[in-house]
Amino acid sequence: GDSVTQMEGPVTLSEEAFLTINCTYTATGYPSLFWYVQYPGEGLQLLLKATKADDKGSNKGFEATYRKETTSFHLEKGSVQVSDSAVYFCALNPLSGGYNKLIFGAGTRLAVHP
Amino acid sequence: GAVVSQHPSRVICKSGTSVKIECRSLDFQATTMFWYRQFPKQSLMLMATSNEGSKATYEQGVEKDKFLINHASLTLSTLTVTSAHPEDSSFYICSASVDRDYGYTFGSGTRLTVV
Chain F
1 GDSVTQMEGP
11 VTLSEEAFLT
21 INCTYTATGY
31 PSLFWYVQYP
41 GEGLQLLLKA
51 TKADDKGSNK
61 GFEATYRKET
71 TSFHLEKGSV
81 QVSDSAVYFC
91 ALNPLSGGYN
101 KLIFGAGTRL
111 AVHP
Chain X
1 GAVVSQHPSR
11 VICKSGTSVK
21 IECRSLDFQA
31 TTMFWYRQFP
41 KQSLMLMATS
51 NEGSKATYEQ
61 GVEKDKFLIN
71 HASLTLSTLT
81 VTSAHPEDSS
91 FYICSASVDR
101 DYGYTFGSGT
111 RLTVV
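Protein chains in written order, with my numbering: chain F, 1 to 114; chain X, 1 to 115.
Everything labelled a hint here was simulated from the structure, so no lab data went into it. Hints may be right or wrong, so weigh each one.
Beta-carbon label-pair distances, calculated as ranges [unchecked claim]:
1) F:Asn59 <-> X:Gln42: 16 to 26 Å
2) X:Arg10 <-> F:Ala111: 17 to 27 Å
3) X:Thr82 <-> F:Glu42: 34 to 44 Å
Keep in mind it's a predicted model, so treat the numbers as computed, not measured. Here a beta-carbon is modelled for each residue, glycine too, at the ideal position from N, C-alpha and C.
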């Protein structure tokens with residue numbers, strides 16, 4: 001079945017460090033891919049998305065490229081800030097299925113220290 | 001942009017009582033809404049898909065008689081936790097689909113504590 005695998009956290013970085021959070025997926029067809037961010041005690045916010053192969057989603061300095069050949073959608077940011085500390089979820093919307101439900105990865109907790 | 005309002009944000013109830021959580025799409029019509037449960041430091045578990053004007057579709061292992069879902073209009077879905085017990089304590093999040101490519105908008109979540 002369709003699934004999303006994220007790197008395990010927590011990821012701990014110093015401010016201004018480079019961030020990569022790996023995400024790979026398994027899906028039939030051509031899913032849409034998403035990164036969501038969850039701050040403590042809150043719901044999820046859409047960070048970025050890509051709907052087809054080679055698309056690059058970007059927002060707030062974060063980027064991710066839809067790589068069909070490696071079935072990956074890794075999240076990157078060149079210089080993290082303390083305010084980026086949160087949990088990041090990779091997700092896909094499969095093409096198949098009777099309704100369009102999101103499939104989430106386990107989430108990766110990011111902690112950024114001054 | 002698409003906004004989903006979830007209410008209440010926190011609720012404490014006594015064991016055996018029922019609690020209703022509301023999820024409203026404020027500026028768009030949502031024919032489909034989703035209800036998730038999240039345990040501490042874990043990912044979201046899809047509980048059910050709520051379809052306007054029809055019965056909800058529950059995921060395997062979710063008790064439909066305990067978690068009642070009603071989607072009576074294109075802007076409102078409700079989740080009622082019936083005869084709540086401490087093990088039902090969790091963070092519940094709703095989500096609405098605008099369209100497949102747009103993605104999904106999430107409510108801010110409801111922290112339910114059953115004492």
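Hint check:
Roughly 25 Å separates the CB atoms of F:Asn59 and X:Gln42, a value that falls within the hinted 16 to 26 Å. At roughly 25 Å, the beta-carbon separation of X:Arg10 and F:Ala111 lies within the given 17 to 27 Å, and the hint holds. At roughly 26 Å, the beta carbons of X:Thr82 and F:Glu42 sit outside the given window of 34 to 44 Å.
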